[in-house]
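A.B. asks: Given next are the chains, with one letter for each unit.
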Amino acid sequence: MSKFQFPESIISRPVYGTLTSRPGKAHLMIADAEGAEAILDLAVQDAVLMAKSHIIYIPKGTGETYTTKLRALKPAQFYEGPSYEASVQRLRHVLANAHQGLQVYLAGTEGLMGQAQNEAMQAGIPHTSIQTEHRGSVARRMQCVHCKGITEDVMHDPFQCAHCGLHLFVRDHYSRRLAAYQGVRVDAEDHGNIPEPQELYS
Amino acid sequence: MSAAPQKAKPGAEQIPVTVSAVVPLNDLVTRFEFKRRDGKPFPTFSGGAHTVVTMNDDGRTRLNPYSLMSDPSDTSTYAISVRRDDNGRGGSLFMHTRVNVGDEMTITYPVNLFSLDLRARKHLFFAGGIGITPFLSMIAQLELMNGNWELHYSVRTEALGSYVDELRYKFPNKVHVYYDDKSEAIPLEDLLDGQPLGTNAYVCGPKGMIDWIHATAESAGWPDAQVHSEEFLAPAPGKPFEVRLCKSDLTIQVGENESLLEAIERSGVEAPFLCRGGACGQCETNVVSYDGEFVHRDHWLDDEQHADGSKIMPCVSRFVGKSLELDR
Ligand code: FES
Numbered sequence: 002m003s004k005f006q007f008p009e010s011i012i013s014r015p016v017y018g019t020l021t022s023r024p025g026k027a028h029l030m031i032a033d034a035e036g037a038e039a040i041l042d043l044a045v046q047d048a049v050l051m052a053k054s055h056i057i058y059i060p061k062g063t064g065e066t067y068t069t070k071l072r073a074l075k076p077a078q079f080y081e082g083p084s085y086e087a088s089v090q091r092l093r094h095v096l097a098n099a100h101q102g103l104q105v106y107l108a109g110t111e112g113l114m115g116q117a118q119n120e121a122m123q124a125g126i127p128h129t130s131i132q133t134e135h136r137g138s139v140a141r142r143m144q145c146v147h148c149k150g151i152t153e154d155v156m157h158d159p160f161q162c163a164h165c166g167l168h169l170f171v172r173d174h175y176s177r178r179l180a181a182y183q184g185v186r187v188d189a190e191d192h193g194n195i196p197e198p199q200e201l202y203s
Numbered sequence: 332m333s334a335a336p337q338k339a340k341p342g343a344e345q346i347p348v349t350v351s352a353v354v355p356l357n358d359l360v361t362r363f364e365f366k367r368r369d370g371k372p373f374p375t376f377s378g379g380a381h382t383v384v385t386m387n388d389d390g391r392t393r394l395n396p397y398s399l400m401s402d403p404s405d406t407s408t409y410a411i412s413v414r415r416d417d418n419g420r421g422g423s424l425f426m427h428t429r430v431n432v433g434d435e436m437t438i439t440y441p442v443n444l445f446s447l448d449l450r451a452r453k454h455l456f457f458a459g460g461i462g463i464t465p466f467l468s469m470i471a472q473l474e475l476m477n478g479n480w481e482l483h484y485s486v487r488t489e490a491l492g493s494y495v496d497e498l499r500y501k502f503p504n505k506v507h508v509y510y511d512d513k514s515e516a517i518p519l520e521d522l523l524d525g526q527p528l529g530t531n532a533y534v535c536g537p538k539g540m541i542d543w544i545h546a547t548a549e550s551a552g553w554p555d556a557q558v559h560s561e562e563f564l565a566p567a568p569g570k571p572f573e574v575r576l577c578k579s580d581l582t583i584q585v586g587e588n589e590s591l592l593e594a595i596e597r598s599g600v601e602a603p604f605l606c607r608g609g610a611c612g613q614c615e616t617n618v619v620s621y622d623g624e625f626v627h628r629d630h631w632l633d634d635e636q637h638a639d640g641s642k643i644m645p646c647v648s649r650f651v652g653k654s655l656e657l658d659r
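Quick mapping for you: the protein sequence lines, in order, are chains A and B. Heads up, this note's numbering is the position in the first sequence plus 1, with the first residue counted as 1. Heads up, this note's numbering is the position in the second sequence plus 331, with the first residue counted as 1.
These aren't lab readings, by the way, just hints derived from the structure by calculation. Since this is a predicted model, take the numbers as computed values, not measurements. Glycine included, every Cβ here is placed at the ideal spot set by N, Cα and C. Keep in mind that a hint or two might mislead.
Heads up, incomplete: computed chain B residues facing chain A, CB under 8 Å, no partners named [said to hold, decoys possible]:
| id | residue |
| --- | --- |
| 1 | L449 |
| 2 | R452 |
| 3 | D524 |
| 4 | G529 |
| 5 | T530 |
| 6 | P537 |
The calculated BS3-like cross-link candidates involving lysine-lysine, where the alpha carbons are at most 30 Å apart (straight line), are [to be verified]:
| id | chain 1 | residue 1 | chain 2 | residue 2 |
| --- | --- | --- | --- | --- |
| 7 | B | K453 | A | K26 |
| 8 | B | K505 | A | K26 |
| 9 | A | K26 | A | K75 |
Far from chain A, some chain B residues (derived; all Cβ distances over 10 Å) [claimed, not checked]:
| id | residue |
| --- | --- |
| 10 | T392 |
| 11 | D416 |
| 12 | G422 |
| 13 | A451 |
| 14 | G478 |
| 15 | N479 |
| 16 | T488 |
| 17 | Y500 |
| 18 | Q526 |
| 19 | D542 |
| 20 | D555 |
| 21 | S560 |
| 22 | P603 |
| 23 | E624 |
Using the sequences and the hints given, assemble the complete structure.
C.D. replies: Here is the structure:
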């Protein structure tokens, strides 16, 4: 099942919706892994949408399953990237040459949506006009508030910062600018007292 | 909205001024310039701001909002341009026929309900007739900052095109004028197409024009937050009605040609306002009880609030029926 209902949380935690086709001159869709399913559902809503769409897709270990299906939608342009980092140049290029009336649809993991939303906002699209739909992994992109390093795809709480090695507590406090949740040292008061890591939402 | 929380108060702070120039521009529009009576500099303002002018019309107080059209960085003079409306409630006629150089008047501190979004890549202005005025101060502000803008200005005839010559002379490549009497129309769909991402559109003019631009931009996929409009409604006349002001323990009559807000003020009760045109929300008043129908005309309350009869905007809205009690 690729849909997960996040429990209610603090106001800083992003909320995601369901992609719906909106009127626009051009459509840009960015998805990773199971996010492809949200794009496939979107295509069903509007038969003419794909002729004006550019899909940037990062399979993230899902193999060929989704790529084949997405290509079969016959979008105006399709790009498959090995990773978000490797695709970001292309995304920036597309946004830099885009015009008012572009609709942006983001689907997949929180890390992908957060980072792509940032790029779209910097290009001049108000975040209220950017659609998102969470699909697939509940893994998080975390920033260590101590060393500022980012750890991608965090699945456990607490987790160890990939940069400074501190054990960090996974919180819902989110920075839209960094597109990352803020992790705080779990044993700050009592060094070495590190609880057993639990899988997120398990 | 990022405005600091404001106490409900009757209008913004007042500035006593002297009329320093009265400049007729054409058959319908006259410019009025003001200097401060105390000789101090005026506050700087941001493009799109308006001021409310107090007129003393033979004992009747008229308060009309006008966009400031002078250069926002010029603190020596404020200027407004007033279009004469022969069928209106009389404020613009008063300005045209009774106000002379040297007259003393009061105006309020500027209030901006129509400001530039300075994050915009480009500013696309659409003006209809006297709706040009807020754009004059916005243009002056953007010119100082080297901002990217373009104006599309629709006027009835060449003779009635206020500031057309001046704008064209100063900004030949940025100003585009369309004449109704030559059946010229703003090529809106083409203009909205191909604008750089992050362009903001602004419209000031008749209601039909505002609605047209909002609807066309929406169907072209423009974010709602990037299409701005300003329309000051003038209070419409209507059947007289009676209102009970609970807190003040007063029953007042609202005349045919005055607004509910004006009637409240006339009875000596202080009531909050800023725009007097149904746009700012400042005059929002709770309804205690009613038996009848509201004539809601504001752009502030939503449809649900209009339907449930819990609130009224007394600057532009009226009431028809047996009884109305307000929390004022
Ligand atoms: S005074 Fe602004 S809405 Fe009534």
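A.B. asks: Hint by hint, which ones does this structure get wrong, listed from lowest number up?
C.D. replies: Hints 1, 6, 13, 18 and 20 not satisfied by this model.
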